[in-house]
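Protein chains in written order, with the working numbering: chain A, 829 to 974; chain B, 829 to 974.
Be aware that a few hints might be false.
[As the list claims (entries may be wrong)] Here are a few chain B residues that face chain A, going by a calculated C-beta distance under 8 Å:
#: 1; residue: S838
#: 2; residue: W859
#: 3; residue: V877
#: 4; residue: A887
#: 5; residue: V894
#: 6; residue: A895
#: 7; residue: A907
#: 8; residue: A919
#: 9; residue: V921
#: 10; residue: L931
#: 11; residue: A932
#: 12; residue: P949
#: 13; residue: V953
#: 14; residue: G968
Hints listed in this document are in silico derivations from the structure and should not be mistaken for laboratory results. Note that the Cβ used here is the ideal one computed from N, Cα and C, for glycine as well.
Protein chains: 2
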Amino acid sequence: MADGIPRRLSVVTLGAHDVAALRAFYERLGWESGSPPGNFAAFPLGGAVFTLYDAATLAEEAGGHVAPPAGAFRGVTLAVNVDEREQVDAALVAAADAGARVLAAAQDRDWGGRSGYFADPEGNVWEVAWIPDASFDSRGALIWPY
Amino acid sequence: MADGIPRRLSVVTLGAHDVAALRAFYERLGWESGSPPGNFAAFPLGGAVFTLYDAATLAEEAGGHVAPPAGAFRGVTLAVNVDEREQVDAALVAAADAGARVLAAAQDRDWGGRSGYFADPEGNVWEVAWIPDASFDSRGALIWPY
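With the rest of the complex left out, here is chain A:
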């Protein structure tokens, strides 16, 4: 048992090959970053902070790695949860309008919800999901219903 580690997922950082272009995509989603222009941009999103950071710099800082190429599936997905079932479909349309590639159309899932997937211009994968009985706190953070 590691008492020294809080139960927090505070920040998610995507290594970005073109921070400015990727930032512009997320701003087209309607998300706002107050960060000055540069190799980093932060988007506070409900209960977590989503950040973009120059891919090579992040890879080096995080232990001397090489950044994977843009477009490669990273084995990681991020999710935006919506309040109503039909908002999944609408959100995927909105993402496509902003320049995303829809990877999987909205569909009902065997766990009782509905979801679909899109990729940002560098191939980072997002799920748009509706979970029955989910609710959200005042900041928009998901309250896990299970």
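Given the structure of chain A, go ahead and fit chain B onto it with the hints provided.
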């Protein structure tokens, strides 16, 4: 502008090659999952939900991808933010005790904070970070100070 997409980062899912083993690692960090045993485990962590999902299943569901191998740097980092500067060092020791590999020792950063990095047993990278002037809401979710 895509009005159809809420400003939320609700869930982060890591494709896991061995869900049970990876879940056990995170439980050794002191994090709790109420999920039944299987190919999925959810850990509510403050303002976001952290989940593990069978890597091949996630890759297929998210658009017919192939899962990257365990151990590869994914170009994505997740962060646990702590309240005090010296907790960065303690959290890295705690992670190592739980079976993590420390990738970058705690160090002061040029943005004024302190952080270090560790990898879980499948190579997924976490940063432990202290940000001056950060605070947290009642659920432990970071309030971005910038």
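Hint by hint, here is what the structure shows:
At a threshold of 8 Å, the smallest CB-CB gap from S838/B to chain A is about 4 Å, leaving the interface hint in force. The closest approach between the C-beta of W859/B and any C-beta of chain A is roughly 5 Å, which is under the 8 Å cut-off, so the hint is satisfied. For V877/B, the interface hint holds, since its Cβ comes within 8 Å of a Cβ in chain A; the closest pair sits about 5 Å apart. At a threshold of 8 Å, the smallest CB-CB gap from A887/B to chain A is about 6 Å, leaving the interface hint in force.
For the restraint placing V894/B at the interface with chain A, the shortest Cβ-Cβ distance is roughly 7 Å, inside the 8 Å limit, so the hint holds. Look at A895/B: its Cβ gets to within about 5 Å of chain A, closer than 8 Å, so that hint holds up. Below 8 Å, beta-carbon pairs count as interface contacts, and A907/B has one with chain A at about 4 Å; its hint therefore holds. Annotation: A919/B was flagged as interfacial toward chain A, and the flag holds, the nearest CB pair being 5 Å apart, inside 8 Å.
Interface restraint check for V921/B: the shortest CB-CB distance to chain A comes to about 7 Å, inside 8 Å, so the restraint holds. Annotation: L931/B was flagged as interfacial toward chain A, and the flag holds, the nearest CB pair being 3 Å apart, inside 8 Å. Against a cut-off of 8 Å between C-beta atoms, the interface hint on A932/B holds, since the closest Cβ of chain A lies about 5 Å away. Hint status for P949/B relative to chain A: violated, with the closest Cβ pair at about 14 Å, above 8 Å.
With a least beta-carbon distance of about 5 Å to chain A, the hint placing V953/B at the interface is held under the 8 Å criterion. Proximity of G968/B to chain A holds as hinted, the smallest CB-CB distance being about 5 Å (cut-off 8 Å).
The structure does not agree with numbered hint 12 stated previously, though it agrees with all others.
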